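Participant: In this note's numbering, the protein residues as written are 144 to 528.
Heads up, some of the hints might be wrong.
Pairs of lysine-lysine residues, derived as DSS-like cross-links and limited to a Cα-Cα distance of at most 27 Å, are as follows [unchecked claim]:
1) Lys482 with Lys150
2) Lys316 with Lys328
3) Lys170 with Lys482
4) Lys170 with Lys202
5) Lys209 with Lys172
6) Lys172 with Lys381
7) Lys482 with Lys209
8) Lys150 with Lys172
9) Lys381 with Lys170
10) Lys150 with Lys202
11) Lys482 with Lys328
12) Lys158 with Lys194
13) Lys250 with Lys229
14) Lys328 with Lys424
15) Lys209 with Lys479
16) Lys227 with Lys250
17) Lys194 with Lys381
18) Lys381 with Lys228
19) Lys170 with Lys250
20) Lys173 with Lys511
21) Lys150 with Lys250
22) Lys228 with Lys250
23) Lys150 with Lys194
24) Lys150 with Lys170
25) Lys482 with Lys316
26) Lys482 with Lys172
27) Lys158 with Lys173
28) Lys202 with Lys172
29) Lys511 with Lys172
30) Lys194 with Lys172
Computed beta-carbon distance windows for the label pairs [said to hold, decoys possible]:
31) Ser255 with Glu520: 46 to 54 Å
32) Ser258 with Asp445: 42 to 50 Å
33) Ala416 with Glu339: 18 to 26 Å
34) Asp509 with Glu247: 52 to 60 Å
Because the hints were derived from the structure by calculation, they are not lab data. If you're wondering where the values come from, they're calculated on a predicted model, not measured in any experiment. Yeah, the Cβ is synthetic: ideal placement off N, Cα and C, and Gly gets one too.
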Amino acid sequence: MSDRILKQQLAEICKHFRIPGTLIWYKQKKSGNINTTYEVMMQEETAQGPKETGYIVQKINNYVFKNPEAMMNNIDLVTEHILKKKKEHGVIGRRYRLHFHHTEDGKNYLYSEESGEVWRLMNCIEDCVGFDESSDPRVLYMTGKAFGEFQMNLSDFDASQLVETIPDFHNTKLRLETFFRDVAKDEYGRRDRVREEIATIRNLSEIACRLSDMLANGEIPLRVTHNDTKSNNVLLDKTTLEPLVVIDLDTVMPGLAVHDFGDAVRFAANTAAEDEADLSKVSLDLDLYRAFAEGFIGVTVDSLTQTEIDTMALGAVTITIELAVRFLDDYITGDKYFKVNYPGHNLIRARSQLALVQDMLRKYDDMKRIVQEVAQEHRMSVVEE
Numbered sequence: 144m145s146d147r148i149l150k151q152q153l154a155e156i157c158k159h160f161r162i163p164g165t166l167i168w169y170k171q172k173k174s175g176n177i178n179t180t181y182e183v184m185m186q187e188e189t190a191q192g193p194k195e196t197g198y199i200v201q202k203i204n205n206y207v208f209k210n211p212e213a214m215m216n217n218i219d220l221v222t223e224h225i226l227k228k229k230k231e232h233g234v235i236g237r238r239y240r241l242h243f244h245h246t247e248d249g250k251n252y253l254y255s256e257e258s259g260e261v262w263r264l265m266n267c268i269e270d271c272v273g274f275d276e277s278s279d280p281r282v283l284y285m286t287g288k289a290f291g292e293f294q295m296n297l298s299d300f301d302a303s304q305l306v307e308t309i310p311d312f313h314n315t316k317l318r319l320e321t322f323f324r325d326v327a328k329d330e331y332g333r334r335d336r337v338r339e340e341i342a343t344i345r346n347l348s349e350i351a352c353r354l355s356d357m358l359a360n361g362e363i364p365l366r367v368t369h370n371d372t373k374s375n376n377v378l379l380d381k382t383t384l385e386p387l388v389v390i391d392l393d394t395v396m397p398g399l400a401v402h403d404f405g406d407a408v409r410f411a412a413n414t415a416a417e418d419e420a421d422l423s424k425v426s427l428d429l430d431l432y433r434a435f436a437e438g439f440i441g442v443t444v445d446s447l448t449q450t451e452i453d454t455m456a457l458g459a460v461t462i463t464i465e466l467a468v469r470f471l472d473d474y475i476t477g478d479k480y481f482k483v484n485y486p487g488h489n490l491i492r493a494r495s496q497l498a499l500v501q502d503m504l505r506k507y508d509d510m511k512r513i514v515q516e517v518a519q520e521h522r523m524s525v526v527e528e
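All chains should be built: construct the whole structure from the sequences, respecting the hints.
Facilitator: Here it is in structure tokens:
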């Protein structure tokens, strides 16, 4: 699609969402593996002169999200509940709120019957920063605090209102069953290239399924969770680094707190990028791991069960294995789920995650010890107060 046609399409989408003014520029944002995201700038003539306002426009990947209408209803319910909580706590204003605009008929999404595309539009958060990666423990602490506050804001939300946007999203046992079935089919003839990775995943299957078994046995509770706790899904104040808002709510649904904790440290405490090809660069930074734990557990410790505290490290191991399985499964089945930038991209991602989980297992006792120390420190500080 040419720049002119795309700009015209984005302008039309803004009109459908009742955004005033003229689209003066746009740019595609490269972050994110699922949806296609654009930042647009609208210019409106006012009595004081031209006024420019930025927005985020996204095309939803409806191969991944089969029921975008239900997903967007989830988001409406969750954002309104969080807004109510923030007002109760005296935190208000555009910078602290993720708001999805509505069309004339009251929907927070736009469906095109002609193309089958689904679009949405949300506000830009001003004077903020997000981190794809950071070696600053303060950034990790604030990221942990943000996701902890997010979970606490939804602790009294009725989870029965939410639809599972991706059924069995973190059902690791089912993910493995699907993976080995796809390996057996080998529809794209890629199995022979990844026999070593397949064997590694088979060897990790037992530990990967422990949390699934604990959930099935009622040993660990379901909560309303974010389910995609990457550090770049938190926006921080550009100056103070205090959390402003958690974004990317597509997968908010019932889940495990330890999965949210684990996915965050998998992404943010990794010494390398998620798709690092040089596996010697991939490891878990325990200082960053501790920093995130202090932020997250500091907010949630009074609501977490002891079993959840005890399985935080297991959550990190589990989710890293699970993502390796998802990347490798997508590679074997033709790269249909995650956006890829080059042939074999999903394979590189899978290998990087497998290298990370091996380092986690080497540091597993330290990971468990750190979580227990952080939880104890926060419990003692509450008693002293």
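Participant: Let me make sure I understand: some of the numbered hints might not hold for this structure. Which ones are they, in numerical order?
Facilitator: Per hint list: 14, 20, 29 violated.
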